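Which chain is which? The protein sequence lines are A and B, in order. Counting in this note's numbering, the first sequence runs from 2 upward without gaps. Counting in this note's numbering, the second sequence runs from 2 upward without gaps.
Wrong hints could be hidden among the right ones.
Unchecked claim - DSS-like cross-link-like pairs, simulated, lysine-lysine; straight-line CA separation at most 25 Å:
{"hint": "1", "chain 1": "B", "residue 1": "Lys81", "chain 2": "A", "residue 2": "Lys196"}
{"hint": "2", "chain 1": "A", "residue 1": "Lys136", "chain 2": "B", "residue 2": "Lys100"}
{"hint": "3", "chain 1": "A", "residue 1": "Lys133", "chain 2": "B", "residue 2": "Lys159"}
{"hint": "4", "chain 1": "A", "residue 1": "Lys136", "chain 2": "B", "residue 2": "Lys239"}
{"hint": "5", "chain 1": "B", "residue 1": "Lys177", "chain 2": "B", "residue 2": "Lys268"}
{"hint": "6", "chain 1": "A", "residue 1": "Lys50", "chain 2": "B", "residue 2": "Lys127"}
{"hint": "7", "chain 1": "A", "residue 1": "Lys136", "chain 2": "B", "residue 2": "Lys177"}
{"hint": "8", "chain 1": "B", "residue 1": "Lys127", "chain 2": "B", "residue 2": "Lys154"}
{"hint": "9", "chain 1": "B", "residue 1": "Lys268", "chain 2": "B", "residue 2": "Lys159"}
Treat the hints as calculated values from the structure; they're not laboratory data. Since we're looking at a predicted model, the values are computed, not measured.
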Amino acid sequence: MRVIPYAAAIVMVAGPAAAQASDPAARTVQSLDDALIATMKAGASAGMKGRMAKIGPAIDTAFDVPLMTRLAIGPSWTSIGATDQQALVAAFRRMTIAQYADNFDGFSGQSFVIQPNVETRGGDKLVRTTLKDPKGDDVAIAYRLRPSGGGWKIIDVFYKNSISQIATRRSDFAAILQKGGAKALIAHLNALAAKAGG
Amino acid sequence: MTLPAFGPVVLALAAPVPAGAAMPAPIPQAADAPVRADLVASILSPIEDRPVIVTTQLPSHAPGDPLEKFNRAMFNGHQKFDRALLRPAALGYQHAVPKPVRSGIRNVLRNLTEPIVFLNDLLQLKPGRAIKTFGRFVFNSTLGLGGVLDIAKLPGLKLPHRPNGFGDTLGYYGVKPGPYLFLPFVGPTDLRDLLGGQADGLVLPLAVGDPFDRLEYQIPKGVVSGLDQRAEADQDLKALFGSAVDPYATLRSVYLQDRAGEIESLKGRKPKAGTSPLDTSLSDPLDDPLADPGGAPPAPHADAPPPSDAPELSDPLTDPAG
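Modelling step: build the complete structure from the supplied sequences, incorporating the hints.
Here it is as structure tokens:
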């Protein structure tokens, strides 16, 4: 049997860079990737606050943060009060922006390649991308998007085509939710954001 | 910090959790097992001063983790060991030994795993892949000066290292992971991968013997590769655990998802729609709690497709580890 090497598979999946993505879901991912590159290029000189100012609006535009928060919490979401729900979404957003700004703090030639062929998953769309790093290995990153407010927003991110951010977060949150409830999780998320400088 | 190392991961896990980069490693490594760079991450966990969630009060364990109480105790102990000894020693090694020497040692040790990769390529009835592994081993063992230089991965040859082992072969033929485990000096693993890793470690001692079956070889090899792997994974681990509310559960989730993805990838024929691990794992509808009966109004497009027949582990929203 013929097996296509993983690296080759990634290349095939990645395809040529689309100068201007035509699919609306791909455009959402493009806007995020552009902002990430800009954040990296801003680098250390922009400081944590400067990078957060660059990536924050892009995250608000590209991600459906409230839905991602609900998905990460899971079924117990419905038993959480409205005030705590709002605080959870705010804390999830704050932590997400802080972590991106903290981690994407330097540029050394990276680029994103977005596969032009957007796939469909039920009512969702799947956009595959590759992070090209001149000094390291290529990394496959896929985004799942869902219609929201007339456009398409990211609701999950897959690393290496197999590790779901939402699944990981649900596991990450489970014990503290069970033990301390929503308020404990809110406090932890805000503490993580503060530690990163956000 | 530079993006190259863990930027991708971070990206993937939404800024925060750089999973993959840090813990790709599937096969657990026994003291005498061949060292896999990706394993490293596993072995050595983080070092951050962060409160560890006390889990002993939890009434039950997470799905897929029946030994959670034991595992958490091992994990917490490992974190203390890492902070006190392992990380300082690893960073000392990184500082004291020049980079070319470190990468040369790493390449030699990885080259010694290629016979195991080759064997498992064959066991999975992948002759084309086995030939490439063999070619890689030959090129690097000769022109690569005994494996010091990884020339096979260069654009001219395009034969990068592709990990494979008995844990992969078991998974390829349908053996389930069994209970998740976190073990000292092994890191995150599961019963299947633990046994597979032990078998990997027996290949060279049984097939070649001296020096691979001697403690004078195995102990220094284990120490050097452990320090090297810990040092190389430092940034990734910081990013992974730095964004985790519950580092133990995050690592477990990432490990199990990663392994499930690797096994699916071995089973896959072509990255064609419907057959790749990504496709199958994404074919299940998202389980938006707001779509629950009695909940708030359903999210847009909550009318999901029929459930897929994908294995449970590959469903991104059915986290194997809870």
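Against the structure, the hints come out as follows:
1. Lys81/B <-> Lys196/A: Holds, at roughly 21 Å.
2. Lys136/A <-> Lys100/B: holds (15 Å)
3. Lys133/A <-> Lys159/B: holds (17 Å)
4. Lys136/A <-> Lys239/B: holds (20 Å)
5. Lys177/B <-> Lys268/B: The hint holds at about 14 Å.
6. Lys50/A <-> Lys127/B: Roughly 51 Å separates the two Cα atoms, so the pair is violated.
7. Lys136/A <-> Lys177/B: violated (36 Å)
8. Lys127/B <-> Lys154/B: holds (20 Å)
9. Lys268/B <-> Lys159/B: holds (22 Å)
Checked against the numbered hints listed earlier, the structure breaks hints 6, 7; every other hint is satisfied.
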